[in-house]
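S.K.: Read top to bottom, the protein sequences are chains A and B.
The first sequence begins at 1 in this note's numbering and counts up one residue at a time.
The second sequence begins at 1 in this note's numbering and counts up one residue at a time.
A few of these clues could be false.
In silico BS3-like links for lysine-lysine, alpha-carbon gap of 27 Å or less [claimed, not checked]:
no., chain 1, residue 1, chain 2, residue 2
1, A, Lys147, A, Lys189
2, A, Lys156, A, Lys118
3, A, Lys278, B, Lys339
4, A, Lys563, A, Lys538
5, B, Lys258, A, Lys276
6, A, Lys189, B, Lys339
7, B, Lys258, B, Lys232
8, A, Lys189, A, Lys278
9, A, Lys278, A, Lys198
If you are wondering where the hints come from, they were derived from the structure by calculation, not from laboratory data.
Source: prediction; values computed, not measured.
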Amino acid sequence: MGKQVQQLDRVIIRFAGDSGDGMQLTGDRFTQETATFGNDLSTLPNFPAEIRAPAGTLPGVSSFQVHFADHDILTPGDAPDVLVAMNPAALQANLDDLPRGADVIVNTDEFTRRNLAKVGYETNPVEDGSLDAYQVHALPLTSMTVKALDGHEISKKDAERAKNMFALGLLSWLYARPAEGTLDFLQAKFARHPEIMKANVTAFQAGWNFGETTEAFSVQYEVMPATLPAGTYRNITGNTALAYGLIAASQLSGLPLFLGSYPITPASDILHELAKRKPFGVRTFQAEDEIAGIGAALGAAFGGALGVTTTSGPGMTLKGETISLAAAVELPLVICDVQRAGPSTGMPTKTEQADLLQALFGRSGECPLPVIASATPADCFDTAIEATRIALKYRTPVILLSDGYLANGSEPWRLPDVAGLPDLRVAFAQQGEAPFQPYRRDPRTLARPWAIPGTAGLEHRISGIERANGSGNISYDADNHERMVRLRQAKVDGIAHDIPPVKVDDPDGDARLLVLGWGSTYGSIGAAVRRVRLGGGKVAQAHLRHLSPFPANLGDVLSGYEKVLVPEINLGQLTLLLRGLSLADVIPYNRVRGQPFHAADLVYVIQEMISHV
Amino acid sequence: MSEAEHDQRPASLRLVPSTEERLAAKDFKTDQDVRWCPGCGDYAILAAFQAFMPELDVPRENVVVISGIGCSSRFPHYMDTYGFHSIHGRAPAIATGLAVSRPDLSVWVITGDGDGLSIGGNHLIHALRRNVNIKILLFNNRIYGLTKGQYSPTSEQGKITKSTPFGSIDAPFNPVSLALGADATFVARSVDSDRKHLTGVLRAAADHEGAAFIEIYQNCPIFNDDAFAPLKEPASRDDRLVRLQHGEPVRFGAGRTKGLRFSAQGSLEVVEVPGSAAPDDPVSRGTLVHDVQRDDPSYAFALSRLDSEGFSHTPIGVFRKVERPSYDALMATQIELAKAGQGIDDLGTLLASGDTWQIG
Numbered sequence: 001m002g003k004q005v006q007q008l009d010r011v012i013i014r015f016a017g018d019s020g021d022g023m024q025l026t027g028d029r030f031t032q033e034t035a036t037f038g039n040d041l042s043t044l045p046n047f048p049a050e051i052r053a054p055a056g057t058l059p060g061v062s063s064f065q066v067h068f069a070d071h072d073i074l075t076p077g078d079a080p081d082v083l084v085a086m087n088p089a090a091l092q093a094n095l096d097d098l099p100r101g102a103d104v105i106v107n108t109d110e111f112t113r114r115n116l117a118k119v120g121y122e123t124n125p126v127e128d129g130s131l132d133a134y135q136v137h138a139l140p141l142t143s144m145t146v147k148a149l150d151g152h153e154i155s156k157k158d159a160e161r162a163k164n165m166f167a168l169g170l171l172s173w174l175y176a177r178p179a180e181g182t183l184d185f186l187q188a189k190f191a192r193h194p195e196i197m198k199a200n201v202t203a204f205q206a207g208w209n210f211g212e213t214t215e216a217f218s219v220q221y222e223v224m225p226a227t228l229p230a231g232t233y234r235n236i237t238g239n240t241a242l243a244y245g246l247i248a249a250s251q252l253s254g255l256p257l258f259l260g261s262y263p264i265t266p267a268s269d270i271l272h273e274l275a276k277r278k279p280f281g282v283r284t285f286q287a288e289d290e291i292a293g294i295g296a297a298l299g300a301a302f303g304g305a306l307g308v309t310t311t312s313g314p315g316m317t318l319k320g321e322t323i324s325l326a327a328a329v330e331l332p333l334v335i336c337d338v339q340r341a342g343p344s345t346g347m348p349t350k351t352e353q354a355d356l357l358q359a360l361f362g363r364s365g366e367c368p369l370p371v372i373a374s375a376t377p378a379d380c381f382d383t384a385i386e387a388t389r390i391a392l393k394y395r396t397p398v399i400l401l402s403d404g405y406l407a408n409g410s411e412p413w414r415l416p417d418v419a420g421l422p423d424l425r426v427a428f429a430q431q432g433e434a435p436f437q438p439y440r441r442d443p444r445t446l447a448r449p450w451a452i453p454g455t456a457g458l459e460h461r462i463s464g465i466e467r468a469n470g471s472g473n474i475s476y477d478a479d480n481h482e483r484m485v486r487l488r489q490a491k492v493d494g495i496a497h498d499i500p501p502v503k504v505d506d507p508d509g510d511a512r513l514l515v516l517g518w519g520s521t522y523g524s525i526g527a528a529v530r531r532v533r534l535g536g537g538k539v540a541q542a543h544l545r546h547l548s549p550f551p552a553n554l555g556d557v558l559s560g561y562e563k564v565l566v567p568e569i570n571l572g573q574l575t576l577l578l579r580g581l582s583l584a585d586v587i588p589y590n591r592v593r594g595q596p597f598h599a600a601d602l603v604y605v606i607q608e609m610i611s612h613v
Numbered sequence: 001m002s003e004a005e006h007d008q009r010p011a012s013l014r015l016v017p018s019t020e021e022r023l024a025a026k027d028f029k030t031d032q033d034v035r036w037c038p039g040c041g042d043y044a045i046l047a048a049f050q051a052f053m054p055e056l057d058v059p060r061e062n063v064v065v066i067s068g069i070g071c072s073s074r075f076p077h078y079m080d081t082y083g084f085h086s087i088h089g090r091a092p093a094i095a096t097g098l099a100v101s102r103p104d105l106s107v108w109v110i111t112g113d114g115d116g117l118s119i120g121g122n123h124l125i126h127a128l129r130r131n132v133n134i135k136i137l138l139f140n141n142r143i144y145g146l147t148k149g150q151y152s153p154t155s156e157q158g159k160i161t162k163s164t165p166f167g168s169i170d171a172p173f174n175p176v177s178l179a180l181g182a183d184a185t186f187v188a189r190s191v192d193s194d195r196k197h198l199t200g201v202l203r204a205a206a207d208h209e210g211a212a213f214i215e216i217y218q219n220c221p222i223f224n225d226d227a228f229a230p231l232k233e234p235a236s237r238d239d240r241l242v243r244l245q246h247g248e249p250v251r252f253g254a255g256r257t258k259g260l261r262f263s264a265q266g267s268l269e270v271v272e273v274p275g276s277a278a279p280d281d282p283v284s285r286g287t288l289v290h291d292v293q294r295d296d297p298s299y300a301f302a303l304s305r306l307d308s309e310g311f312s313h314t315p316i317g318v319f320r321k322v323e324r325p326s327y328d329a330l331m332a333t334q335i336e337l338a339k340a341g342q343g344i345d346d347l348g349t350l351l352a353s354g355d356t357w358q359i360g
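Using the sequences and the hints given, assemble the complete structure.
M.R.: Printed below as a string of structure tokens:
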């Protein structure tokens with residue numbers, strides 16, 4: 001409409017407001033519009049554990065960052081190009097992350113003397129010149145919304161609450177996002193409250209129209225769709241992908257899915273998603289506690305179901321004894337730990353990678369288990385299938401590590417061809433020669449038979465007390481115990497030959513520094529490595545999905561480099577393991593801020609190291 | 001068993017296959033040496049249980065016995081069925097997962113006063129309130145046996161044990177009261193030494209759809225010998241044991257001349273009723289006729305409170321048996337309805353649900 005259109009290759013927007021301002025919804029809608037438009041994207045929701053901290057305070061600030069581009073991107077971005085601050089607290093909490101020159105859209109209606117005082121502003125930063133380094137757009141978003149809704153039969157409070165849709169409409173215009181999806185969404189969401197629905201639609205359109213006509217924005221931006229591999233795409237969070245992966249695993253194995261779980265942030269959405277999926281025959285059991293959640297899953301596995309439990313760090317600790325029982329009775333079980341900042345309650349809504357050693361060693365006795373980790377939100381789908389594959393084939397509990405960033409973050413996902421997913425079918429034991437030997441092992445996998453109740457002639461007892469190899473009867477025999485301890489270790493170690501070797505990305509093959517990561521740092525490390533290479537730096541990159549056992553070639557890979565940099569959102573847990581594996585020069589880089597790495601920090605560290613090798 | 005006979009089975013067993021084979025107690029014995037102490041009450045319970053099993057008419061492979069940790073929890077090793085000797089206190093949780101996913105199994109939980117009421121108390125009360133179709137046998141010997149003699153959550157106050165050399169200061173649980181408080185739909189009590197009574201209670205529990213809780217007084221000859229002696233000695237037992245029979249007036253005492261009546265304060269009191277008095281006789285009026293089907297658990301609770309530490313009056317038998325759909329049945333119904341409904345049940349459709357877009 002006569003406004004200048006400027007092309008950008010990528011943009012990072014952060015919506016920030018009070019917990020009650022609807023920032024997660026706003027960000028989510030903007031993301032869906034962006035996904036539908038065909039940009040590549042990555043998101044970072046960031047919210048407090050408190051449901052509604054006192055209004056207008058710093059602890060109540062909730063934000064949602066979305067990074068979108070006309071090319072493939074790996075992270076939600078370090079620093080926003082645009083901050084939408086719905087109140088002074090949101091401005092103050094996020095200002096430090098803004099680069100000079102960034103756009104700041106502030107809702108001036110909330111910049112009252114009282115709200116300013118709540119966060120310690122003595123003067124109004126919008127007026128006192130302290131924001132001179134930024135492009136400030138001071139807009140009375142609340143009163144413009146209320147005015148636009150004049151004539152709607154809703155309360156003033158409901159009218160004010162629609163301000164997030166006004167802001168969304170404005171931003172949607174500013175970045176030329178398609179609006180149909182949001183309008184459809186509002187119609188469905190508020191179908192039972194037509195007045196509220198109309199008000200939100202009107203607010204959204206008013207925001208859009210305001211952008212188009214106001215002189216406050218002279219330029220409309222355009223970020224063209226990204227060229228991604230051909231296929232059908234959708235946007236997906238890690239928790240949804242993980243839930244879908246479990247349903248897929250159930251279908252691929254032909255085993256009914258049983259989830260035993262206790263609500264815990266940030267894992268609960270997996271329970272919520274699976275609870276909806278009863279048409280697939282999924283049984284979800286919200287247990288009385290974490291221990292009962294895994295206990296019921298193990299009971300279901302004894303009966304021939306695909307037993308799964310989902311939790312976060314503190315829940316993992318409680319489940320430890322039952323995990324060791326599952327290892328002792330050698331039944332398949334999938335344990336998903338969506339890690340969060342710890343120890344103890346820690347920061348439930350913030351991410352961390354500090355449960356790695358707990359996953360590997362947090363049990364009594366010698367209790368080795370396969371451990372794998374998801375690298376991206378969409379990868380949670382594939383890793384759920386991989387965890388199930390290993391659990392079923394080797395009759396062992398498997399720990400799948402996700403984290404808060406993957407759980408709530410999202411990215412476009414190219415839908416897999418269902419027919420191309422792996423066959424996970426297993427054969428239950430059938431009556432053979434008597435007496436039945438519940439601990440007679442497959443010589444190749446060392447897995448024992450899975451003999452489920454209801455099978456005549458295979459009646460047997462399993463127990464957490466040490467069992468005689470073969471018969472499974474209680475045994476305190478010294479030689480048998482040593483044999484069993486070593487067999488359980490050998491069974492897990494053997495999986496190394498059943499997983500792909502670690503793949504190194506070393507374009508010219510002459511890098512002397514390897515950056516090795518695991519889990520959700522995949523995106524930040526990848527983004528940093530790209531930037532270093534653009535600047536001419538030589539660096540190799542590899543990422544681990546399998547953490548126990550490691551891929552068989554890992555030791556050789558490490559010793560092929562002069563230095564190995566291991567960035568982790570913990571204090572060096574993988575580094576510790578690698579130093580036990582290899583004499584390579586492994587150097588940790590660790591941050592534990594409850595946030596994903598900033599790629600810029602990693603670029604700096606990598607460049608520093610390159611200059612020293 | 002014919003199809004018609006099978007359909008006559010109680011709801012708790014209707015989804016469990018029946019067997020043509022004539023089974024005997026010996027069919028349920030394993031080749032494992034039973035390793036309880038000589039004189040342990042567990043032997044009598046095991047013998048009664050094995051002898052009762054054929055009555056179920058369920059094939060051995062469809063019976064599962066799940067236990068936790070403790071002397072009683074060795075039980076599955078001696079039962080030639082499927083068995084799972086698990087970890088301390090967690091058997092009700094494991095049994096819940098199995099029963100919910102396998103309605104074709106008859107699932108039994110064996111636990112003790114430490115396993116079920118201390119470390120596993122939470123799982124026990126939640127399994128009971130949910131009414132999962134599992135049968136829970138709690139062997140109460142009022143002591144920790146396997147760890148060699150510490151007081152348990154049912155030990156009487158003042159008890160001298162290794163861990164309470166000055167006497168226990170813990171107030172004990174009454175397991176029947178606890179189960180009733182958790183709104184269990186089937187609550188009973190029996191005694192290890194009374195095989196006939198115990199078998200009757202097992203039968204009633206097996207027939208009950210949903211969670212059944214049976215407290216069994218069990219003697220530990222090593223660490224708490226004769227804990228239940230007043231209920232077993234011929235001289236005292238008739239005065240103390242109150243045998244509950246559904247639909248019958250509650251009568252006990254040597255000449256069966258004692259009855260129970262609600263006092264003005266709402267608790268139960270013992271009253272003398274001449275042995276010759278008929279139920280409609282004025283002297284019987286107001287005394288209890290036992291009714292296990294009262295929906296309000298306060299009646300059964302009042303009965304459970306008769307049992308003081310000294311066993312002045314100890315009811316045994318079924319306290320409560322009311323009908324409520326089992327958790328497993330409710331879940332199965334939800335899944336059947338969902339499968340028959342319009343929801344997505346195809347993997348490809350599920351993955352492509354929500355907003356999608358095409359590239360290329």
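S.K.: Broken hints, numbered, in rising order?
M.R.: Violated hints: 5 and 9; rest satisfied.
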